[in-house]
Amino acid sequence: MQTRKHLRLLTLVIVVLMAATGCVPQTVAPAATEAPTQAAAATETTTTDSADVPVVKIGFVWPLTGNSATIGQQHSDGALMAIEEINANGGIKSMGGAKIEAVVYDSETSPDVGSSRVETLCTKDNVDIIVGCYNSAVTFPASEVAQRYSTPFISMGGVKNEITERGYEWVFRVNNKASYDVAEMLKGVDLCLQASPDTAAAVEADGGLTYALVYESTDWGSDNARIWKEEADKRGWTCVLDEPVTSGQSDMSAQAIKIKKANPDVINFSFYTNDAIVFTKALFANKINPRLGVWSVGGGSQDAAFYKACSPAEYEYSFVQEDWNVSMPYLYDWAAKISEDCYAKNGYYITSFFAQGWTAAKVAIAAIEAAGTNDKEAIRQALVNLDVKLEDCADSHIILTGYPEIKFDQDGQNTFSSGTIIQYQNGVQIGFSPLSAATPGYSPIIPIPDDFATRGSTSKPWGTAPEVK
Amino acid sequence: MLDSVLLALIYGILQGGAYGAIALGLSVIFGVTRVTNFAHGAMLMLSTFLYYELFTRFGIDPYIGILLVTPVLYLLGMATQKFLITPLLKKERGTTQDPASLLLITLGLGYAISNLFMMIYGSDYKTIPTAASRSYLTVEIGDFLFTTQWSRVIAFLAAFIIGFALWFIINKTELGKKIRAVSQNRDAAAICGVDVYKTYAVAFGLGIAAVAVAGACLSEYYFVQPQVGTLFGTKSFLIVVLGGLGSIPGAILGGLIFGIVESVGAQFITSSASSMLTFILFMIMLFIRPSGLLGKGGKV
Amino acid sequence: MNTKEHSNFFQGKVFAILGLLILLIVPNFVDTNVQIVFILILFYALCASCWNIVCGFVGELSLGHAVFLGVGAYISSLLLMDCSLSPWIGMFIAAAITAVFGVIVGLPCFRLHGPYFALTTIALGELIRIFVENNETVFGINLRGAMGLVLKQSGNQFIAFEFANKITYYYVLVALVAVTILVTWLIKNSKLGFYLTAIKSDPDAAESLGIKLTKYKLIAMGISCFLISFAGTFYAQYFRYVGPSRIFSHDMSVQIALIALVGGQGTVFGPLMGACLLVPITEFLSEEFGGTLPGLHLFIYGIVMILVVLYMPRGIFHPVTKLFKSIEAKLFSFGKKSVQKGEK
Amino acid sequence: MGEIIRLEHVSKKFGGLVAVDDFSGEIETGSIVGLIGPNGAGKTTLFNMMSCTYPPTSGKIFYKGVDVTKARTDTMAARGLARTFQVTKPFGDMTVVENFMVGAFLHTKDRATARKQAEEIYDYIGMSCGRDKPANETTTVDRKKLEIGRALATKPELLLLDEVMAGCNPQEKLELVETCRKIQKCGITLVVIEHDIKTIMTLCEKIVILHRGAKLTEGTPEQVANDPRAISAYLGEDYHAGC
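Protein chains in written order, with our numbering: chain B, 1 to 469; chain E, 1001 to 1300; chain F, 2001 to 2344; chain W, 3001 to 3243.
Keep in mind that the hints are not guaranteed to be accurate.
Stated by the list, open to error - If the Cβ cut is set under 10 Å, some of the chain F residues that face chain B in the computed set are:
(1) 2034
(2) 2112
(3) 2116
(4) 2136
(5) 2146
(6) 2153
(7) 2239
(8) 2244
(9) 2249
(10) 2251
(11) 2252
(12) 2286
(13) 2287
(14) 2289
(15) 2292
Everything labelled a hint here was simulated from the structure, so no lab data went into it. This structure is a prediction, so every number in the text was calculated from the model and none was measured. Backbone N, C-alpha and C fix where the C-beta goes; we use that ideal spot for every residue, glycine too.
Kindly generate the complete structure, drawing on both the sequences and the hints.
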């Protein structure tokens, strides 16, 4: 009797809890849970009037839980908004206005779950094309599954070189390889040295450039550090600190002290959002001021959450390798409009993650549009033949990431993918490399001034557009 | 070299104090009820979300929010003991003890709470930008620069305040007498007219209330996110075992050692190797002296 | 006479046999995506059964068993990658090494009990994860650090443990699970099983009866690690990628332990039953809501854990078999009548 | 016959507390010896040292002429020493017969043999609760018998019984006394801790009285009963009155 009472009570509690979680997202926390409702909306709108129009399915696998969840969420936001735009404008024209249905799965940041989800997409949902999975470790086995099922797979986010170096004809990558990322940053450092001959001379006088690598110790961070080291060795730079850090630190003062002691000219760090926040704060607090700046390979420091958590003073003058052309909203009206829409919907202006998600989805759609059929081989062919230039995107809005062109090489790698090296100046992202993405009228501030007392006092809030000079 | 080690030591001590503050509640709960509360981290996370809500909705600083959140968490702790753990203890009495079930139920509770918050709030990193988190304590003597957020200093001090408060309640009050009696011998206490299960619930509530106070300190300098709990939960366990399960000064001492090892260790080896060092230290400690540094001994 | 014995044998087992037949036959006739779920069920059943051999029988809660899964996966994969050794042979070498490793690890760990044991295993798991993530080479063996091991496709060769269709993987798993369950059954009905159960119930009494506690715990540990290493090899070959951040993860360990505990620790078929219950639920929830409500499936996981501990502290195995037996008894009496009628 | 176990100047200290103080004595093979004394006299401590649960602080223990002072508990069972526990420790997850089987497995690996021996023991010690009853559902007296049976299953030569009759009614005590006699007849030496003086007087051939960790006196029941030290220290006037 007693037990039964308990059981009833517990069931009630669970039901209430579940009901609560069902309602809460819409009412309590709009910003954080916009995506779920959005995803539901996307699916609903496409299924309601699918009676006579054919449906095209695109599968997405993002990390929606785990360390990189905020990033996966932004990827997902971008992709779903892109699909929404197409659906609102009459769907896929070559297929008689076919609507696009998005199937979104959570990879849980785990390789086995991710590849199982891709397998589900291939078999149960029978999607026409798959986009995913941000984490290289997940993308790796997941893209192999797509290859096995002869389903086109567009890798977005994963930078590990080998993803497109395995000879898989079904795997395409729109974004950069890790080696591109590093090459861009090193080129950025070179540019800085050129911009300030005095600093270059001082560096030379001190026995050549020194750098410190600080990175999260799972695959992405250590891969980035490894490539940086290889490339920097070629230039004769000296590594004064190679510091892997286990993810999830609540204080990085110890690392800051270590860096201070090593006194490098350049700091390169790669952290996911949580560690990036803690690290940036620790650097600022300890007044660490390498003369060639703090360079982040992206990850956490491209995340909107990072900028909510850090004050402008803390990231002032830091360099970020953004995986998109940050000047897009200033260069193109359509991009500016998307950015506004994104802010209205998700509470943040477009980030590189959003743009990447968007672009990947758009590339998938463009391929289907070109193929004009659900046939996977035709879609693959369309991807192989795909050649979109940024100038031509005024109507199609494909390359929100601002790559000059998207065209896959024989490995399926988009060789035109490039990011932007930006520096925060007065709280504003100033692009300066490559030239196509440079913010007109600005140059990098080198050497980094030692103005900790006043730093950030006049900074504009994050997301402010630079005044074009 | 010495400079940086000294600095690292200071940072380590500060950080260790914060670890200790979080671990204290866990230690009290184990000391009295013998329950290893795997939901500890989740409870910590839950409290930080309450502070976050209070701050964003009503502008209440977490330090003041303690007054509101701690009673709520105290009740939550009591409820946990009453509805989840006491039924198990009653069931196990007399028959063979099943040590797994207590671990399992708290583990399940932890999973449920942290994922419930994941569902409600998503995995976004939120911060509470209060005055204490934005102002820095700085000591600068020539090249020697020590600087840290005031909120970290407060978290360090909080460890001793919470520790003292718990010590006072347990050792100097009528309620504490009951708690001590129950923790020493529950059957004997029961014979003397102490309501054992009620006392357990009170002790559990106290432990959770303590973690709520630590949560306020944490939310002032760290972020609010559903997975924060897992991070500190595991660490708290290692700290508490290192210091001696059930010992209040032991929890603080364990926290300090952890903080120092992590911070100073990182000056000599890589940071990830120094986080391995804490695990190794923990395991060596267990094998040499399973009752922990300040534990009362006895069989484990 | 013969038939009577048969009816005795089947009595009370109709549903169990039915269930096993479903597991054996049904995957042949379902879509690939359902086959995936079946494979995951058996994979976790395998891991949980191995966990059960040491932890279920001895009564200690290991929350670091993924370590042995990972060690098995790593060794067989490294043998394949660096020495081109077929996984079929490599898995036995891996199993032997994992067993030795398990015994070495178990030696100090089994001196501890209850929460201390559980926490040590957690610490051990984390330690190994961080260690592998941060070390490219260990003793001259290239572990590839955090990158993990990537197994190249070999073109669906049997010798390379790579198959074109899921069903073959499935039957490999069926064989592995069958062996594990058989071993569990043999242990349970042997001196070892009696001794382990005795140790679990009361170590002092067990010792007074001449049972060498550490010896038998370590034997169980060795067997458990030997078998879970097979699961590791399977994981590596099936997903063709072994990443340290996942395979050594605390989540993986907890999942393994959980399935066994929910199923019924110390029982032969409990872990399988636990996997049959939990894996489909989580797979379904994670598939349906993973994109829209991440975390739901783990939330349900937590709730199921709490409910099982509160209402079925010994796992679902006994209540479920009881339920099925009572249903069967009703059906059986009906069946008996019809048989008698048939005889007339 | 010779002695089966001999203790030489054995002492045990727990921190500052002296539980057993310089105890010497031996037990003859085939006898039944009673060990009595007030609570806290060190009886169970003595048992624990004889069964090597923990070693004595000082002194030596010889079992069948071999120094076993530092031996491990589990090896003692193999040498033929078995014991029961004051607080019964049944293997609750198993049935009664399975409990016995655990003991029987000491000398066999074969399950069927163990089962056969276990069933013989079940009959031998006269249990009636049912062979396949779960051990944690048995009554007090059955648990006591279960302890004895499980110890017997290891085929001991020396059996230490720690208060097996506590908590039993007079009828049950009689049964247990009979069981003990039966066991002795099989050539097994018995050492019995008991509080019930009457029972122990009827059962034992020799009685040792412990008082505050030290041996107060020893001898046949008559000798002990008439020993003034024993009477004043432990038995009191009641015993005479009872006679």
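Cross-check of the supplied hints:
Annotation: residue 2034 (chain F) was flagged as interfacial toward chain B, and the flag holds, the nearest CB pair being 8 Å apart, inside 10 Å. Restraint check, residue 2112 (chain F) versus chain B: the minimum CB separation of about 25 Å is more than 10 Å; hint violated. Hint status for residue 2116 (chain F) relative to chain B: violated, with the closest Cβ pair at about 24 Å, above 10 Å. Among the interface hints, the one on residue 2136 (chain F) holds; its C-beta lies about 9 Å from the nearest C-beta in chain B, closer than the 10 Å criterion.
Hint status for residue 2146 (chain F) relative to chain B: holds, with the closest Cβ pair at about 5 Å, below 10 Å. With a least beta-carbon distance of about 7 Å to chain B, the hint placing residue 2153 (chain F) at the interface is held under the 10 Å criterion. Among the interface hints, the one on residue 2239 (chain F) holds; its C-beta lies about 5 Å from the nearest C-beta in chain B, closer than the 10 Å criterion. Taking 10 Å as the C-beta contact cut-off toward chain B, the hint placing residue 2244 (chain F) at the interface holds, the least distance being around 8 Å.
For residue 2249 (chain F), the suggested interface contact is upheld, since its CB lies about 8 Å from the closest CB of chain B, less than 10 Å. For residue 2251 (chain F), the suggested interface contact is upheld, since its CB lies about 8 Å from the closest CB of chain B, less than 10 Å. A hinted interface residue such as residue 2252 (chain F) counts as satisfied when its beta carbon comes closer than 10 Å to some beta carbon of chain B; here the least separation is about 9 Å, so the hint holds. Evaluation of the residue 2286 (chain F) hint against chain B yields a held restraint, the C-beta minimum of about 7 Å falling below 10 Å.
Because the closest C-beta pair between residue 2287 (chain F) and chain B is about 6 Å apart, less than 10 Å, the hint holds. For residue 2289 (chain F), the shortest C-beta to C-beta distance to chain B is roughly 8 Å, which falls under 10 Å, so the interface hint holds. The interface hint given for residue 2292 (chain F) holds, since its Cβ lies 4 Å from the closest Cβ of chain B, which is under the 10 Å cut-off.
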